[in-house]
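Assemble the complex: chain A is given as a structure, and chains B and C must be docked to it using the hints.
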Amino acid sequence: MSRWGMAIDLAKCVGCQACSVACSMENTRVPGENWHKVIFMNEGETGTKKFTWYPRPCQHCTEAPCTKVCPVRATWKRKEDGVVLINWYKCLGCRYCVMACPYGVRCYPEVKPLLEPDIKEVYHGRRAKLWDPPYQLSREEQDGKRGTGIPPKGVVTKCTFCAHRTDRKEMTPDRDPVKDRDFTPACVIACPASARYFGDIDNPESEVSKRVERKGAYRLREELGTKPQVFYVK
Amino acid sequence: MKKGSSDNNNKRKKSFSVSRRRFLQVSGGVAAAGVLGVVSKKGIASTPPASEKKLPPVNLPIPETAIKKSVCHQCPGRCGIDVYVTDGKVHRIFGNPEHPISNGKLCPKGYFGTQILYDPDRFKSPMKRTNPKKGRNEDPKFVPITWDEALDTIAKRLKTLRDKGEAHRFALMFGRGWGASDVGTIETFGKLYGSPNVPIGHASMCSEGSKRAKKATEGNDSYSAYDYDNANYILSFGAGLLEAFRPLNYVIQKWGKLRDKSPRARITQVDVRKSTTAIAADRSLIIKPGTDGALALAIAHVILTEGLWNRKFVGDFKDKTNKFKTGETLDAKQFDEKWVAGLIEWWNAELKDKTAKWASEICRVSADDITVVAREFATGGPSIALMERGATTYPNGVYNGMAIHSLNALVGNMFAKGGIMYQMKPPYGALPANADDYIDGQVKSQAGKPRVDMAGTSEWPLAGTMLQEVAKNHLAGKPYKLDTAMFYLTNPIFSAPDCKKWEEALKDIFVIDTSPYPGETAMYDDIVVPDHTYLERYQDTPIYPTYGYPTTNLRTPAIQPLYDTKYIGDTIIEIGKRLGGKTGEYFNAIKDSVNVLKHLAKGFESAPGDNGVKDFKGWEEKGFWAKKPYHWKQVDGEFYEWDGKDYNKKMTPAEVKEKLLKTPSGKFEVKSNLLIQHAEYISKKHGIAADRVGFPQWVAPKYTGAGDLHLIVPKYAFHAEGRGANLPLSIEQFQPYVGGRKGTYLEMHPKTAIARKINEEDRVKITTPLGSIEAKVRYYEGCQEDVVVLPFEFGHWAMGRWAKGRGSANSNEIIENVSDPISGLASYNASLCKVEKI
Amino acid sequence: MSNLFKVWIGLLALGVLLGLYTTFQIFTIGHGELANTTQLLPWGLQVSTYIYLALTSTGCSFVYCLATLGGVDKLKPIVPRAVLLALLTIIAGFTSLSLEIGRLERLAIEFIVNPNLTSPMWWMGVFYTMYIVVLMIELAAMIFHIEWLMKVGSVAVLITAIAGHSTLGSVFGVLEGRGYGFGALTPIYFLMMAFLGGASLILLVSCLISIFKGSNKEFDEAVTTLRKVFLASVAIAFLATVWRYVVGVWVSDPYYDLFDLGFNKFLKFSLLLGMIVPVLIVVFQKKAGIGLALAPIIVLVVQFIDRNTLIVGIQKIALLQGVWEPRILPYTPAPVEISVVIFVMSIIGIIYSIAEQRGFLEKIKH
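Chains as they are written, first to last, in this note's numbering: chain A, 1 to 234; chain B, 1 to 838; chain C, 1 to 366.
No lab work stands behind these hints, which were simulated from the structure alone.
Where hints are given, some of them may not hold.
Cβ pair distances, simulated, as ranges [what the hints assert, rightly or not]:
id, chain 1, residue 1, chain 2, residue 2, range
1, B, Thr146, C, Leu14, 28 to 38 Å
2, C, Leu69, A, Leu224, 39 to 49 Å
3, C, Trp250, A, Lys210, 38 to 48 Å
4, A, Lys210, B, Lys257, 38 to 48 Å
5, C, Ile276, B, Asn759, 28 to 38 Å
A virtual CB, placed ideally from N, CA and C, is assigned to each residue, including glycine.
Okay, chain A solo, but in the shape it has when bound:
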């Protein structure tokens, strides 16, 4: 088996959100449609609050609840590389997957805008294209079957591990953000602190596997048994 996975080094992450912005620009997301988010936390009792953050892409769970609940298999886990994708030509827009995702990573962009004026109105789209800004992926990279590019109205969208980029090249153990730039997810390229590692987590030789092997690696909400392919390491 080969599965794309990501390791995020929280000791190096500085919370700059370059990943989030690069993702939004690469994938043409509307404000509030956060395929990638840096989650800032402010936890604990008053007086001793702890301030922390962690970046959160789609976790691409091995046992993905979203794929199990979709009534029409519009979202599925790709066997070849373990990436959870969504087919915008099949999606009903019922949002059951949004309900099912324990990490809150799925988006339904056709909602009231986070910011007025609505950018979807400023760059007005059609039913087949939610909005139509001058900056978007090239036609070849936009593929509704994998959910890359700009979605039609009324469908759910999600992080694809930049499938339009990773799919350009066959599976390799590692994707170096500089050398393999055109084949690596935008968030990994963007990270100025180089806190993100992307590669084949089933290949023990890959950098990401080695990072995951280190002490203290963990996954989000492990108790749910979803077995994310995104790991947090120190």
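Leaving out everything else, chains B and C in the frame of chain A:
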């Protein structure tokens, strides 16, 4: 070996996935069709096992996609960028992997570029005002005009002005200057036109305090370059290393490296609140605003009394025993100075009583923490102490800065490995004409007028520029009233302290703005001559102090300009041509800005860059010229110069004075001759004895305003040179720590808020003697109880559809225009205010 | 036709017209742009209305099966009414749901072409489709007096109702990440609550018939029995609700916090007003009339609000969103959502009222 084995692994996996695919095909499930419909493109199964480098035949990088080299514009950092253009549209920006600052990375702001280019609110052509009334609520009623009309109007006006002998009444004010093709041209224009006010830079609203502190001590009137790679300890005094320091991208890259190396480099952040940097640092010292200097002096005191200073750089007592004892004065003769001048005098005059305990009361941190930090800093090196605005935007800024910078001297990191340098300049070629040959008699006859901002006069003798004074002085007619003002990359109506003054001042000035965006200043325009955005223009950008060795980048247009706009350099050149006379001759010889750049690039012929760039064409293709190494190095108190192969050439004290420590003494001065030259002025302004002015010392900050809370106005990571306010993606994630997703909040400690019966999300009034502004509150325990934080970004009344009316109001409306008398830096963070619930 | 009835039908017709206009808007502008559902809180009032109506429909079927299969002969007069109400409510429910789906046009084809057997929603669709078909057959059998089909139909209705409704419960029961609805209890809870909804609606309708058509002996007996059925259904619902809450308050998972936060409302609104007060009314009001009708009205209103509280509550705790979102997400229905609810309720009302007024339901043999 390793690579081969992983290839084999891959092969095995691939054959496995082939059989899996067959299985799916045989089973013929709908899922198989669905999955394979997509994955056949991926080529995992359909191509035979191949080496990693061989690409499948589909979905390659699309050939029509051109990658244009350019330079980011969202901060002064000057990161090289790769701009992806397909079908004439920019759709992606990444860092240029070869560029020594960006290294293929960008900070979050870099990616905004596309939205900045396609901003729907841009000015689309030159325009003139048809509504003579000016004001916040006045629609300028701009109508489009031709470039000829615009330029002729301006040239005619300037010519008339000069003919009247009033050239000085034209001012050109600029914010971010990039290089020879914009500010260089402007400066020449000023010289030829004959106005002392062309240009007036914005440094006094930026970070002039740090430059002046460095000029006073090490002699370089410049920000510093840092050797982060080799540093083991960073002591940051209020520098937003992870938010606003430049180049942010580079600093974060280095931060990642410092965290990865073993043992991990340690970072201590001194701040007035829990900033992102303070949270991510190993230790943070949260101090009372404006007291950084006291902390630095106490650290120096600990370093000296515990004998931890670098003797090879600083010098030592003649008998090699440490005689620094708290409270005891010393005889300067006992000490052999090496590269630090005036240490014993400094000790006697200032340091001897500045104990950790003393500072702990002023700064409100524990004396133990100060002592520990001092020891770590002095022994865990190479160490760097750094600061910019955070410690210097107070009336005592330069003294704070000098105290901090002196720590670098005490540990001897000046020009050392893992230490501090200044930035080398690129070897530009000469322009086709020498401006000095074109100065006409009219200019000479009008020389000698003071600048309208009074910088460099007896009013502000040490300040290089005082942009924030222009409106005030114009209104008072002192020294005179301006007639015409032109703006380039600055928006003082919004960004200057006491900015409402500017709204009055610009009413009777003929205003020309070059901004492509409808900013507040542009709303007062009489003529708009919109610039290209950065992705549409050629421009040279030699780097800011970063890593020492010289680098200069070239912006090249990624696409043809979207609208009828013109590069500022060309606008100035065209105005110059239209002025006629000798000025016209000069600018005719210069021709246009690209011609300027081509001449600059001729300087590379004799010094080809490390990336092979030796002419304009190469510069354009690669996007930058850089040449390693940095030429100087200090090792154990000896200075060496690069001889072409290594740092072999030992430097004499005279050479050090000429090239490195450019102070009168040729040493790092902890008794500053520069300040002593202005002793009378400083002593009057700061109320300190004239014989003490030269020493880095504790001067209690005179806070402005009135009230019980300190108003801190930091810049955040998404502050894209003022343009972030109209970028939906920037607004969306602007103030992450308190969840400012739609605007800005006033960050307030819950105790402070509850004492005033303020709930989260409540609207409050922030009041200083200048007036009140409104803001929304979020609780943040990272604030000190007497500190409230309102990020500088929002509160625009123009600037575009997303910016207008968004967020909390603009803090500059209530920040008093008070400046550090030495540097002239506006004291943005020195305000006291009152906050009450509305 | 009385004037009062004309006004009533006129109001309902207005509701339908409003609904048609809203539907037009939803298809031209887009539901998401109009509704107050968000990225993080995707299911709002329309889904909870659907669940409420599905629950009521199931309950109607239960009551009706009590008569046909349970041998409670005294309930016979309400049998055709129960079947019609079951059918109308479930169809109205689906209308409410459909108008919230982003890509309605794909629904039918994708459900057939791309079934996902692990999806409770898919099974829910299957069972409810069967349920609707069976209800229609049952109604037809009644109209055409086909005895054997009525018998078989009743059994089929019971089975599909239980299957459909508990599957609907499982739609939420499987959401492991969302504690407020997660668990094996949820499908059972749905079933137990269903009885209450059905019994209330039928009791209400019976009371209204008594009031407007004048009492007759047969009906009065049915109402007497219905009162007992109602009390039993409240008892069942009480148990289900209380235990769900007790478990919820007990568990210390942060996602169960909503149980704590809503405790006051639960106690005063759901239990005291929504169950105990109606029980008291029913115990003391023995005759069909406005007094008695008050009990089911209270229950129906409280249940409607409680369904919304439940469905929205499941989503209300922001999942791993940090300081960017309030810990408890806000939600108030938008006008468009409310008008869809008015729309579907009006459909039920208008069809049922006309059927009743024309005496259609009395002609059906039972």
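Here's how the hints hold up against the structure:
In this structure the supplied range 28 to 38 Å is violated for threonine 146(B) paired with leucine 14(C), their Cβ-Cβ distance being about 60 Å. Checked against the given bound of 39 to 49 Å, the beta carbons of leucine 69(C) and leucine 224(A), roughly 41 Å apart, stay inside it. Checked against the hint of 38 to 48 Å, the pair tryptophan 250(C) and lysine 210(A) passes, with Cβ atoms roughly 43 Å apart. At about 18 Å, the beta-carbon gap between lysine 210(A) and lysine 257(B) misses the expected band of 38 to 48 Å.
Checked against the hint of 28 to 38 Å, the pair isoleucine 276(C) and asparagine 759(B) passes, with Cβ atoms roughly 35 Å apart.
When each numbered hint is compared with the structure, violations occur for hints 1 and 4.
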